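As they're listed, the protein sequences go chains L, S and P.
Residues in the first sequence are numbered from 20 upward in steps of one, following my numbering.
Residues in the second sequence are numbered from 6 upward in steps of one, following my numbering.
Residues in the third sequence are numbered from 4 upward in steps of one, following my numbering.
To be clear, the hints were calculated from the coordinates, so they are not data collected in a lab.
In this text the structure is predicted, and so the values were computed from the model without any measurement.
For every residue, glycine included, the Cβ atom is placed at its ideal position computed from N, Cα and C.
Every clue listed holds true.
Straight line, CA to CA, 30 angstroms or less: simulated DSS-like cross-link-like pairs of lysine-lysine: (1) L:132 <-> L:45; (2) L:113 <-> L:45; (3) L:24 <-> L:137; (4) P:93 <-> S:102; (5) S:99 <-> P:93; (6) P:96 <-> S:99; (7) L:137 <-> L:113; (8) P:165 <-> P:96; (9) L:150 <-> L:113; (10) S:250 <-> P:267; (11) P:96 <-> S:102; (12) S:178 <-> S:7; (13) L:132 <-> L:150; (14) S:241 <-> S:370; (15) L:150 <-> L:137.
In silico contact screen, one side only, chain S against chain P (beta carbon under 7 angstroms); selected entries: (16) 93; (17) 101; (18) 287; (19) 310; (20) 317; (21) 322; (22) 338.
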Amino acid sequence: MEPLKPLEELLLEHPFFAGMEEGPRKLIAGCGRNEVFHAGDYLFREGDTADRFFLIRHGTVAVELHVPGHEPLVVDTLQSGEIAGWSWLVPPHKWANDARATTLVRAISLDAKCLRGKCDDDHSVGYEVFKRFIPVIAGRLSAVRMQLMDVYGDPGKRR
Amino acid sequence: MKLLTRDRFDEMLCLLHDDGYLTLGPTVRDGAVVPREITTTDELPIGWRDEHEPGHYRLLPSDTPDLFGCVLTAQPWKAQLFPPERTLFSVTRKNGKLAFTASPPDTTRRALVGVRPCELRAIEVQDAILRDGPYADDEYTSRRAGTFAVVVNCTRAASTCFCTSQSSGPRAKAGYDLALTELLADGPHRFTVEAGSPAGEALLERLVLGDATGADREAVETGCAHAAAQITRRLKSAGLPEALKANHEHPRWNEVAARCLNCGNCTQVCPTCFCVAVEDQPDLAGIEATRSRRWDSCFNPAHSYVAGGVIRNNTRSRYRQWLTHKLATWHDQFGHSGCVGCGRCIAWCPVGIDIIEEANAIRQKA
Amino acid sequence: MNTAATDLAPSMLPRPFRITRVRREVSDVFSWELEPADGGLPPAYVPGQFNMLYLHGVGEVPISISGDPSGETLVHTVRAVGAVTEVMRKLGKGDEIGVRGPFGVGWPVAEAEGNDLLIVAGGLGLAPLRPAIYHVLANRARYGSVAIYYGARTPADILFRKELERWRGRFDLFVEATVDAADIRWAGRVGVVPKLIDPRRHSFDPDNSVAMICGPEIMMRFTVSALQAHGVPDQRLFVSMERNMHCAIGLCGHCQLGPEFICKDGPVFSFDRIGPVFHAREL
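Please work from the sequences and hints to get the whole structure.
Below is the structure:
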């Protein structure tokens, strides 16, 4: 088994924290812990309290919408290096989707209450966090719009 | 420079007939001067004057004896070389097998008597598209090869003319077999004649001609200068292509779109427009079919149809396409303007849209 | 290259070809294998070119060639979306159609030698790129790293899936696919194609890469933006454009996009050339 790296080092490895100074990074690491999910485990479920978010280090996470009477619809898959979960930033802090590990997933979860507190206490930490989240959310929005447009669908029937 | 007297003009027409040319000239039909087959000078629009204004064309009686007193035919001459409709091929299906038969191109030789310098320029513009590109239209190329052009220089301009802006008149510089200028003053009714090709020279040798005097030459210069001076419309060409391409979202497009009826008259009377639609005509039994092409227009709503919709699906984008192509992107495609300054689009637009006014407005900063 | 008057008619005259095989691909997509009815050879073509396919008494449509340019069989992959293609779907082995072509400027497979390749396809866009892929694989040593990125609507819509999976199995090729939406049985990626392009997963040198992109215009637009963000210069990005075509030889005027005739100046364009008109609305 590999020797456990300190959390701070793992954070450094993750692209989300690229370019963040040591000070804020140390503070944020204080809210983090290592997590492991097996294939089929849910990282979070729609409607539950969004109490943390995940930096995916290894594996794939499927973002799903559950459809009554039908199988769940997978609308996005997240790979290593990506972030799962942004609902912790937006009141009422409830997960908007299901997130299921499709493979073994190793992640670092960052506690939402802890992190929100640190952001409130030190706005420069807050700025570093939000600065990184906005592009992630913008990218998701852009992608979802393109998916919504059904570009490969029947051109005669397109919206 | 030679001289042909008016009373010998028929001799030239006769020679052309005898040489097997389908001879075409301006003639009056249904209240307009159009190019049609003629046999004698009597069929030319003698005793008529044409009036062109935005959205306005009239033929008015005149008491002058000019053979070519009418400035511009209502219809362009392009239908002679580039017919409005043409069968491409026929195909038979027997036992599932297809057999194609191409329609041979028209080999009729045509003499175009009385084309104006702007019209001649338009033929050159169409040569670049239909004959001289990587692919050629066989019908156009065939008809063009058998064409004999007798251009008549302009000594009078219509109010819609702007050949001077497009360097296409009022005097033809090249590209003709014969160039004539009609003179009535200081001497008998006569035409100065210049040959512009070996075929032109060969024809002149068989005509009874005088020699043009110094005064005649001067009269030609004066006459053409007079026509040029009558032209009031000016299209500012310098920087126009770049300006039109840069002002894709100029508010003026909305304004002109509010007036444009999308009728496509401009494309029908324009001597350089060349869009065609290809169509199929099957028989009821599913055995014989033909494929033909006919003139089309970028104002046709289906012109830019792709699976699922039409890209230019409103008048604004279609008008913009026509104007930008004619005055801007034509330069990128062929190295010159697509407009020869004949002004027919201005006269024949039912609401009198003036492309010069539009172009001048759109090139201004929004 | 201008030809004599007697040779001119053939540029609008189709040549009879016989369907030798019909293959159902995905949903409303099918492929034809064709051979000349007169027993001769089909004309040579380069990847990215298209033919005009004529249906007796119905009409003619431009369809990219989707087969192996070094082979002797002409292959076209067609989606039944309009009047002519719906009728095409009903034809079978032995039926004859007319073929004119090949036309157009193709993919820069020769100019791209010595470079890393990024081949990005969406939906039916994989069909016009397949001849380029065949060419590259047949001349693999002439290229740097080669990646194929593919996006489809759902897993059931993945075109040429068996071939994609075979290509993915090669050691000298990076292949990644994604779908817009899937059920939980799909273990692959879900999301848009541009997201697949990730230098951390497959590295490429942006200054020495050539990207060939084909798919719906919206997909090409987003892919171009993503590649530009990764630093690939515009003159190294190539897209394949589509417009209404009647003649395919630059004479009917329909396929114009700004100054470009898609049929003879394209359909493949480098982005530094097509960029200004690519984004213009209603052009």
